[in-house]
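S.K.: Chains as they are written, first to last, in our numbering: chain A, 1 to 255; chain B, 1 to 255; chain C, 1 to 255; chain D, 1 to 255.
It should be emphasised that the hints constitute simulated quantities derived from the structure, not laboratory data.
Among the hints, erroneous ones may be present.
Remember, identical chains collapse to one label, so a pair may be satisfied in a single copy or spanning two.
[Stated by the list, open to error] Quick list of in silico lysine to any residue cross-link-like pairs, SDA-like style, CA-CA up to 20 Å:
(1) K115 with P243
(2) K115 with D93
(3) K115 with H145
(4) K115 with A97
(5) K115 with P152
(6) K115 with R94
(7) K115 with A159
(8) K115 with E174
(9) K115 with A90
(10) K115 with D142
(11) K115 with G248
(12) K115 with Q67
(13) K115 with Q219
4 protein chains.
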Amino acid sequence: MDHDGKRTPLRVTVWGENVHERRDDSVRAIYPDGMHTAIAAGLEELLGDRVRVRIATLQEPEHGLTQDVLDDTDVLTWWGHAAHGEVQDAVVDRVQAAVLGGMGLLVLHSGHESKLFQRLLGTSCSLRWRNDGERELVWTVDPAHPIAAGVPHPIVIDAHEMYGEHFDIPAPDELVFVSSFAGGEVFRGGCCFRRGAGQIFYFSPGDQDYPIYHHPDVQRVIANAVRWAAPGPGAPRAVPGSPEAPHGWFERGGA
Amino acid sequence: MDHDGKRTPLRVTVWGENVHERRDDSVRAIYPDGMHTAIAAGLEELLGDRVRVRIATLQEPEHGLTQDVLDDTDVLTWWGHAAHGEVQDAVVDRVQAAVLGGMGLLVLHSGHESKLFQRLLGTSCSLRWRNDGERELVWTVDPAHPIAAGVPHPIVIDAHEMYGEHFDIPAPDELVFVSSFAGGEVFRGGCCFRRGAGQIFYFSPGDQDYPIYHHPDVQRVIANAVRWAAPGPGAPRAVPGSPEAPHGWFERGGA
Amino acid sequence: MDHDGKRTPLRVTVWGENVHERRDDSVRAIYPDGMHTAIAAGLEELLGDRVRVRIATLQEPEHGLTQDVLDDTDVLTWWGHAAHGEVQDAVVDRVQAAVLGGMGLLVLHSGHESKLFQRLLGTSCSLRWRNDGERELVWTVDPAHPIAAGVPHPIVIDAHEMYGEHFDIPAPDELVFVSSFAGGEVFRGGCCFRRGAGQIFYFSPGDQDYPIYHHPDVQRVIANAVRWAAPGPGAPRAVPGSPEAPHGWFERGGA
Amino acid sequence: MDHDGKRTPLRVTVWGENVHERRDDSVRAIYPDGMHTAIAAGLEELLGDRVRVRIATLQEPEHGLTQDVLDDTDVLTWWGHAAHGEVQDAVVDRVQAAVLGGMGLLVLHSGHESKLFQRLLGTSCSLRWRNDGERELVWTVDPAHPIAAGVPHPIVIDAHEMYGEHFDIPAPDELVFVSSFAGGEVFRGGCCFRRGAGQIFYFSPGDQDYPIYHHPDVQRVIANAVRWAAPGPGAPRAVPGSPEAPHGWFERGGA
Numbered sequence: 001m002d003h004d005g006k007r008t009p010l011r012v013t014v015w016g017e018n019v020h021e022r023r024d025d026s027v028r029a030i031y032p033d034g035m036h037t038a039i040a041a042g043l044e045e046l047l048g049d050r051v052r053v054r055i056a057t058l059q060e061p062e063h064g065l066t067q068d069v070l071d072d073t074d075v076l077t078w079w080g081h082a083a084h085g086e087v088q089d090a091v092v093d094r095v096q097a098a099v100l101g102g103m104g105l106l107v108l109h110s111g112h113e114s115k116l117f118q119r120l121l122g123t124s125c126s127l128r129w130r131n132d133g134e135r136e137l138v139w140t141v142d143p144a145h146p147i148a149a150g151v152p153h154p155i156v157i158d159a160h161e162m163y164g165e166h167f168d169i170p171a172p173d174e175l176v177f178v179s180s181f182a183g184g185e186v187f188r189g190g191c192c193f194r195r196g197a198g199q200i201f202y203f204s205p206g207d208q209d210y211p212i213y214h215h216p217d218v219q220r221v222i223a224n225a226v227r228w229a230a231p232g233p234g235a236p237r238a239v240p241g242s243p244e245a246p247h248g249w250f251e252r253g254g255a
Numbered sequence: 001m002d003h004d005g006k007r008t009p010l011r012v013t014v015w016g017e018n019v020h021e022r023r024d025d026s027v028r029a030i031y032p033d034g035m036h037t038a039i040a041a042g043l044e045e046l047l048g049d050r051v052r053v054r055i056a057t058l059q060e061p062e063h064g065l066t067q068d069v070l071d072d073t074d075v076l077t078w079w080g081h082a083a084h085g086e087v088q089d090a091v092v093d094r095v096q097a098a099v100l101g102g103m104g105l106l107v108l109h110s111g112h113e114s115k116l117f118q119r120l121l122g123t124s125c126s127l128r129w130r131n132d133g134e135r136e137l138v139w140t141v142d143p144a145h146p147i148a149a150g151v152p153h154p155i156v157i158d159a160h161e162m163y164g165e166h167f168d169i170p171a172p173d174e175l176v177f178v179s180s181f182a183g184g185e186v187f188r189g190g191c192c193f194r195r196g197a198g199q200i201f202y203f204s205p206g207d208q209d210y211p212i213y214h215h216p217d218v219q220r221v222i223a224n225a226v227r228w229a230a231p232g233p234g235a236p237r238a239v240p241g242s243p244e245a246p247h248g249w250f251e252r253g254g255a
Numbered sequence: 001m002d003h004d005g006k007r008t009p010l011r012v013t014v015w016g017e018n019v020h021e022r023r024d025d026s027v028r029a030i031y032p033d034g035m036h037t038a039i040a041a042g043l044e045e046l047l048g049d050r051v052r053v054r055i056a057t058l059q060e061p062e063h064g065l066t067q068d069v070l071d072d073t074d075v076l077t078w079w080g081h082a083a084h085g086e087v088q089d090a091v092v093d094r095v096q097a098a099v100l101g102g103m104g105l106l107v108l109h110s111g112h113e114s115k116l117f118q119r120l121l122g123t124s125c126s127l128r129w130r131n132d133g134e135r136e137l138v139w140t141v142d143p144a145h146p147i148a149a150g151v152p153h154p155i156v157i158d159a160h161e162m163y164g165e166h167f168d169i170p171a172p173d174e175l176v177f178v179s180s181f182a183g184g185e186v187f188r189g190g191c192c193f194r195r196g197a198g199q200i201f202y203f204s205p206g207d208q209d210y211p212i213y214h215h216p217d218v219q220r221v222i223a224n225a226v227r228w229a230a231p232g233p234g235a236p237r238a239v240p241g242s243p244e245a246p247h248g249w250f251e252r253g254g255a
Numbered sequence: 001m002d003h004d005g006k007r008t009p010l011r012v013t014v015w016g017e018n019v020h021e022r023r024d025d026s027v028r029a030i031y032p033d034g035m036h037t038a039i040a041a042g043l044e045e046l047l048g049d050r051v052r053v054r055i056a057t058l059q060e061p062e063h064g065l066t067q068d069v070l071d072d073t074d075v076l077t078w079w080g081h082a083a084h085g086e087v088q089d090a091v092v093d094r095v096q097a098a099v100l101g102g103m104g105l106l107v108l109h110s111g112h113e114s115k116l117f118q119r120l121l122g123t124s125c126s127l128r129w130r131n132d133g134e135r136e137l138v139w140t141v142d143p144a145h146p147i148a149a150g151v152p153h154p155i156v157i158d159a160h161e162m163y164g165e166h167f168d169i170p171a172p173d174e175l176v177f178v179s180s181f182a183g184g185e186v187f188r189g190g191c192c193f194r195r196g197a198g199q200i201f202y203f204s205p206g207d208q209d210y211p212i213y214h215h216p217d218v219q220r221v222i223a224n225a226v227r228w229a230a231p232g233p234g235a236p237r238a239v240p241g242s243p244e245a246p247h248g249w250f251e252r253g254g255a
C-alpha cells in the first residue's frame, strides 16, 4: 500500500445521502454545503495532494456511482440515514462488487444500517441508540494500528448521539476504537473488516445533528482510514469466479 | 450448549437440492435415496436419540423450509449444486434470519456458491476446482476443537473432487481443517463463522460423484458440527432491531 | 465438551494468593474465609454436583499446584495481586504446560499481571487503573456466547476499581464483555484465548476491596466460564513435541 | 507505515545463528558467507535504498543484539536451529521488550522453536517434520495481503524439508500462506501475529540444506514482510506499564 512511493494521489469518492442537509435547517446550519462537503474538505486539508476527492450523492443518476466512477475510485466513503431504502439494489450490487475487487470502503455512523453494509457483513448491523447530546469518549484499543495514529486517547466529543451495544456485526478482523457515553453505554465504534480484496472500516462518530465532521480528531481518523483502506499498487480489482484448474496448471507458471 | 442436560433431542433439518440424485444414474448408484438421506442416516447412527432428523428438499413447497419448519429446527444442513438459482429469494431471506436468530447452519461442499452462504458471508465464496477423483487429505489445524473430536489426522478420502485456494471467504472465526489434494492444491475446507446469534460451519467434502457421506470420518465431523452449531438452551432466536434506549434504561433491570 | 452426558463432575481447582485476606482487615470483613472460598462457594451453589471444587493457595508447598493436582484438574481459576513475584517459576512452567495440554484456565482481575498470564499471552498485560469505588457496567458484546448466558445486559456493579484501556493483550480469540466506568473509561474485561489445547478466559471484575465474588451475576459468569473452559472428553492433555514423520506415515492409520 | 514518504530507510537487522554455516560443508556450499548474508543481500537487492541492513550473529557479544542495536532497528529477522539453547535469556527478554514496543520481527523456518518465538506466542510452536527434499507449494490464502504482493500462486520450491500440521501456535491474526508438500502434508507457513505494538511474521521456507534464500519469490516475500512489519512513523517504541489514572485525567489533554 505504497501510494506515496509513486506519488499518484489516492482517488477518493465521498458519497452523501444528502437528505437531512436539504430538508433540516438545523443540519444546514452545521453543514451549509452538506456533510459530504465537510468530509471531503477534511480529507483535502489533511492529505493534500495525496488525495483527489470527488463527491457523489443519492440524487444523481445511479446515485453518482456509475461503473466508471467506481473504476476510478480507490476508496469510497458512505454516509446515509434517512433514505437507505431509496438506494437502488443495482447500485448496491455494483459497489459490493467493487469492494470485493479491492476498493476500500469507509462506512460512517448511520451507514451501519445501509443495504451496502448489511450486504457486505451478512448481519442486521442493528444497535441501541439515544439522541441526547451526551459526551462520547472514543478509546483506542489498538494503539499501534495505523488508523489510530496521531489521535488522543481518548478522543473527546462533547455532545453526540449515543450508539450502544449490542452491535450486531461479525467479530471485526481488527477492533481499533471502543466508545463510552455519559449514560454508561459502550460501542465498538471503530472496526476493520476484510471482504474479498477490499478493506472496510466502520467509524461510528458522525450524526447529522452535531458538528462531528469539523472535529479535527475525527477528521484525522477518517484520513488515516482512507490511507489504510486503499488497495496496494498491484491489487486485483476484480471479483474472482470459480475456474476449473487442470492438474499441474501451476507448473506452467502459476497465476 | 447443553442439550444433553435436558435430554431434549436436537432438531436437525437436512436440506437437499435433490437434483443430481433424480437425473444422474451415477449419483443414484451411490445414493439411491438421495444424498440427504445418507446425511440424515449418518446423524441418526452417530447421535441416536440425541437428534431428531427431518428432511426437506428443493422440490417441496417453499423448498420445505416454511417458517414453522425453521422455528422447529436447531441446526440446518445445506447441500446444493446444480440449482442454486432456483432457490427463492424469500426462502433465502427467511433462512438467513433464522441463522442470525441463532439456528445453526452446516453448509456442505458445493453449497459454497449457494445464495444463502454468499448472503451470510458477503463475499463471492468462489474457488478453484477439478473433478479428477484424486486423493484428499483433511488435516486438523485445531486439535482441541470439538468438531475435530474423534477423527484421524488426517482423514483420508481416496477419491474426490479437488477444491483449491483461493477460497474467497472472510477470514473464518475458527479454522478447523485444511485439505491437500494429490495434485498439490490446498483448501480451507473446515471453517467456522459466527453471524448474529448463529454458528455456521462450512465443510468441503461431499461431491455427488463420490460416496463421501458414507465415509465414517466425514459422518463423524458432520455429527460433531451439528452439536457444535446448536444454539444454547436460553439462546435468543430473534434478529434484533435497533431500539431507542432512554437514559438509564438498564437501571430498571437491564435486558 | 459434554461432561453432562457422562455426569462426571468437572474437577475445578480454585487458586488464591491469599495475602490480602490474611493481612487486611478490610478484606477479611468481606471475605472472612478468603476470596478463594467465596469463588468456590459460588461455583458449588450454581453448578452443584456438576463440579468438584478444590482450593489451593500460594502458601502451600508448590503453591498447592503439584503435578498430581494439575493432572486431576479440568479447570483452574487464578486470583493473585500482591505477591505475583513470589510464585515460583517452576510452578508457572508446570501450569503453563497443563494449560497447553488442555486444562482450562480462568484468570481473574489482578491476575492480569501474573507471571502465568504474561507467559501464556506473551505481552505485558498492563492497563490503567484507579481505585475510586465507582460504578462499573459490564456489557455483553457477544450475546450468543455461552459465557454470557443468563446474565443481564449490562451487569451492574455499584462500586469497583476502574480498569481501563489500553489493555496490552493480543487480540482475544473471542471478546465477550466490555466494561464502562463512571469516570468514562472502557475495558475489554471478558476475553477468551485459545493456547495449545487449552481455553483461557480473563474476567476483570474481582477487586479485593469490594464484595464482587458475592455478586450473583459475577458468580454466573464464572460458572459459565468454568463449563466453557473445560476440555472435551477425548481431549489430549499433553503438550506435543516435534516428531519426525516418515513419508506416508498416515497411510498406516493416521494419528 | 509510511517510510517512503520521508525516504528514511528502514533499519533492518538480520540475525543469524551461524552454526550450520561454520560446521557443515554442505551448508557452506550453498551459503559460503552464511545464510544471514544471503537474506541481507536479497533485501538490499529488492528494496535498495529503502533499507539499511545490518547483520548480527549468535557468536558476537550479547549475540550482537545490544540495546543500542535494537533501538536502531525497525525490523529484526531471526534464523536459528542448532543452538536455540545457547541464546541468553537476557537477550531474549530484551528482544521481546523491543517487539512489544513496536519493532517488527520476522521469524524464519526453524526459528519456530526459538525461545523468542515461544516467549512471544506462549505455546510450544511444535510441528511435524521430514527432511526428504520434496516439493513444497506455497499457496496464498489472502491475495490482497501486502506480504503476498507480486508472488506467484503458488510459489514452487522444488526441494525442501517438510513442515506439517499440527503447528502448535495461537490462531494467527492473519493467515497469508498455506503450504503443501509432495508427501501430502499441509502447513500454515505464513502467519502474522500482533503482540504489543509489534508486528510479527512467521515464514516457514528456509532450511539450511536447500538454497531457499536464493529463491526470488522467497526473497520477495521476505522483503514484503519487512515493509509490513515496520512500525509506523509515530509508533510508541516502549512497553507500557500500568499507571494509576486519576478521575478525569483525559479532560486535561488526553494521552
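S.K.: Could you run down the list of hints and mark each one as holding or not?
M.R.: To see whether the hints hold, each was checked on the structure:
1. In this assembly of identical chains, the alpha carbons of K115 and P243 lie at most 20 Å apart only when taken from different copies (19 Å versus 29 Å within one copy).
2. Taking identical chains as interchangeable, the C-alpha atoms of K115 and D93 lie at most 20 Å apart whether they share a chain (10 Å) or sit on different chains (14 Å).
3. Within a single copy, K115 and H145 get their C-alpha atoms no closer than 28 Å, and across copies no closer than 27 Å, so neither meets the 20 Å cut-off.
4. Taking the shortest Cα distances, K115 and A97 sit within 20 Å of each other both inside one copy (14 Å) and across copies (15 Å).
5. Taking the shortest Cα distances, K115 and P152 never come within 20 Å of each other, neither inside one copy (32 Å) nor across copies (31 Å).
6. With identical chains, the CA atoms of K115 and R94 are at most 20 Å apart both within one copy (12 Å) and between copies (17 Å).
7. For a Cα distance limit of 20 Å, the shortest separation of K115 from A159 qualifies neither inside one copy, at 28 Å, nor across copies, at 42 Å.
8. Taking the closest pair of Cα atoms, K115 and E174 never come within 20 Å of each other, the shortest separation being 22 Å inside a single copy and 27 Å across copies.
9. Taking CA atoms no more than 20 Å apart as the test, K115 paired with A90 passes in both settings, with 11 Å inside one copy and 17 Å between copies.
10. Neither within a single protomer nor between protomers do K115 and D142 lie at most 20 Å apart by alpha-carbon distance, with minima of 29 Å and 23 Å respectively.
11. Taking the closest pair of Cα atoms, K115 and G248 never come within 20 Å of each other, the shortest separation being 42 Å inside a single copy and 31 Å across copies.
12. Taking the shortest Cα distances, K115 and Q67 sit within 20 Å of each other inside one copy (18 Å), while across copies they are farther apart (24 Å).
13. With identical chains, the CA atoms of K115 and Q219 are never at most 20 Å apart, being 25 Å at best within one copy and 38 Å at best between copies.
Hints 3, 5, 7, 8, 10, 11, 13, counting from the list given before, are not met by this structure.
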